[in-house]
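Student: Residues per chain are reported as follows:
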Amino acid sequence: MTKILFRDKLDKCVKQWKSDGLTVIGPVQRANISTYAAVDHAAEFDFDLVLPDRSIKDLFFPQSEPMLRYTIKKESINTDECLPPSGPRIIFGARPCDASGMAIDDPLFGWDYKDEYWFQRRNESVIVTIACTKADDFCMCTSLKMAPDSSKGSDILLRPLAGNNGWQVEELTDRGREAFKTISDLLQESADTAASLAVVEKKFDLDACVAWLQNPENFESRFWKEISMRCIGCASCTYLCPTCHCFDIQDEGDTYTGIRRKNWDSCSFALFTMHTSGHNPRSTQSARWRQRIMHKFNYFPGKFSVNSCSGCGRCSRQCPVDMGITETLQEISTLSL
Amino acid sequence: MSIEEQYRTRAKELLSGGAVKMVIGYSKGSNASRRRPLFISSPDDVDRLVLDDACIQNLSGYLVSEGLLSDEKRVAVFLRPEGIRAINILAAESQLDAEQIVVFGFDVIGNEVQALKVIHVEEFSDVINSIKERAPEAAEEELFERIEKMSPKERFSFWQEEFSKCIKCYACRQACPMCYCRRCIVDSNQPQWVNTSSHTLGNFEWNIVRAFHLSGRCVECGNCDRACPVNIPLRLINHRMAEEVLGAFDHFAGTSKTQEPVLASFKKDDSETFIL
Amino acid sequence: MSETFEPEIIAFVCTYCTYAGADLAGTSRLKYAPNVRIIRLPCTGRISPMFILKALQKGADGVLISGCHPGDCHFTHGNYHARRRWMVFRALLDFIGIPPERVKYSWISAAEGVKFAEFINTVTEDIRKLGPFEQYTQLIEQTQAPASL
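Protein chains in written order, with the working numbering: chain S, 491 to 827; chain Y, 8 to 283; chain W, 115 to 263.
Treat the hints as calculated values from the structure; they're not laboratory data.
Bear in mind that the values here come from a model prediction, so they are computed numbers and not experimental data.
Any given hint could turn out to be false.
Dumping the calculated DSSO-like pairs for lysine-lysine here, alpha-carbon to alpha-carbon at most 30 Å [to be verified]: (1) Lys19/Y to Lys715/S; (2) Lys80/Y to Lys715/S; (3) Lys642/S to Lys692/S; (4) Lys274/Y to Lys172/W; (5) Lys172/W to Lys564/S; (6) Lys274/Y to Lys229/W; (7) Lys172/W to Lys160/Y; (8) Lys168/W to Lys156/Y; (9) Lys172/W to Lys229/W; (10) Lys624/S to Lys139/Y; (11) Lys715/S to Lys35/Y; (12) Lys35/Y to Lys635/S; (13) Lys692/S to Lys35/Y; (14) Lys563/S to Lys243/W; (15) Lys172/W to Lys145/W; (16) Lys243/W to Lys156/Y; (17) Lys168/W to Lys563/S; (18) Lys564/S to Lys604/S; (19) Lys156/Y to Lys172/W; (20) Lys156/Y to Lys715/S; (21) Lys160/Y to Lys243/W.
Construct the entire structure; sequences and hints are all you get.
Tutor: What follows is the structure, encoded as structure tokens:
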């Protein structure tokens, strides 16, 4: 017997969570795109998606966020700090790759400077993950040593029932248990079996790739130029990535008043590394793509002992020229043989 | 012999004879429905070339990659009529020398790939004129008309919802063969004309500026629209602009390499009914 | 009693004709609506649509643009180029849902002080009737607000 949350009870759960003061967020289809957004009713959720187009990163690290307002007068400079909105929230129906992406970024945002904007949201969010029963051509969690039911980064893990009428509930953290306490009456003990998990084919040998990347000789390999020839240098892979975390701080306004904002930035852009002098240390797109791969699978793990990729596959799925991490690492695995 | 095979053979001839230094075409993609750009410079690789109805990306933008044409050697490229129009515009705007481009022309009618038999950019004027009359896709036409019929307020709300999704990844710009500026206005920060923030106001600004810069230059290849990861129907805006320059100035972009850019030229009797 | 809405209008004018026309209106002691802030540029050809957008984005309720009559451009054809651009830009604004009535265009020569004063009055009145550009104001306010989630 396991604890089960039946689908027909979900709307009551949403109501209960809302009356407990939680903002309820989940996967939805809106304006021709799938994303995670706040909902009022369970009917708004779309659980049939393999994965929403946008990742849950948006909920912790929004694309543009105000940091402070400033007014400069002759005698004084006034600043007024803008903190992220506070209040508990529950993200219902995240995918394991998205949830683990947040856990991957935690050490980065807390390393030397503790990023309040990130951690306030992290501390106030309960992530309820639904294991995947479907995958598409671009899913690659298994290649990253994760699985369609990885629990990393999740507070609750739900396994869909074979009848697709509910989920087995596995409570993983105190925060998860706390959020599910108020809906415990809506859960039932039952012997329903879980649906079989998505089969995600293993696409490359991660260890071999990492070893190749760590070999300094390969930094100048011709491979980088060849693989990235078609890269057009947009930021869609980095912006859709659940773990890409680069940002820029910009003052928007004039000499007297304005607002300082934290905006996403991307290593795909030439401007990302452009010096004031006009010199650009990463002057070609191949150098920029190399940086992205090296950062994710060599530098980041070197510092935080975890790869900066959770295998969601969005980079390849959405790439306008059909590139992505999958293909690059597949090619590297053949090189490293 | 299929068009794919004919073009492979021609690519092999051109590469082995040294007539071109590179062929830009399509290869298989990461799944059955995808094709990806392919760059080959060895005749041994021509078998990787694929040509079918899934080859939709306009490849002309790669021709203005930094340094590619500066050695004055020729490059061959697979192009649909829109791509050939793009080459004409790039030539008219002095971004490339059309003589350096060898065209592997093709068009897709329904699901069928047809070869366009000529090679040089200037020989395509009949093809280009024929697509002038081509009707837009039905689904697109329907949404376009729906937007046109809206009140200004409704239209604003429509675009507000669409632009609120924009993440300023600039995939639209990067995918566009006409966006060749080495430094885009949004990348200029002295002064910072366009904010980098992707709040809705900033997104309006970016998308309006982008559309304006493409007015009278867009060939409606759809690269921007397909590249957009958040599915903003960018093509509709470009289509409206194309319609405007055609109606107001009888300008159909990219008919020849000597065509004057519409917003860099004028007639003394241009319409000015709106000027008080 | 409700207060009348006083629109804020930005005018981009060319220095050779319209700005001189504005001067003439001033020296002729003509009275006109005080709602307009004038920005002088070398030529209408120098008025990038970017400027118009920026004005709206900074909260202007209307924008007006004016320069030399066709044929009179100090640089011989700056205004002809501008005219084409405006045509296209108007269509773009309209398609996006920004009412083109908020952006007005005119030719005013250095001798047309009276036309200048009248133009300012008419435009101010028209924009006043349209009211504040609420949809844009709302977007401007959003940029000042903390993130929603």
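Student: Against which earlier hints does the structure fall short, listed by number upward?
Tutor: 4, 10, 14, 18, 20
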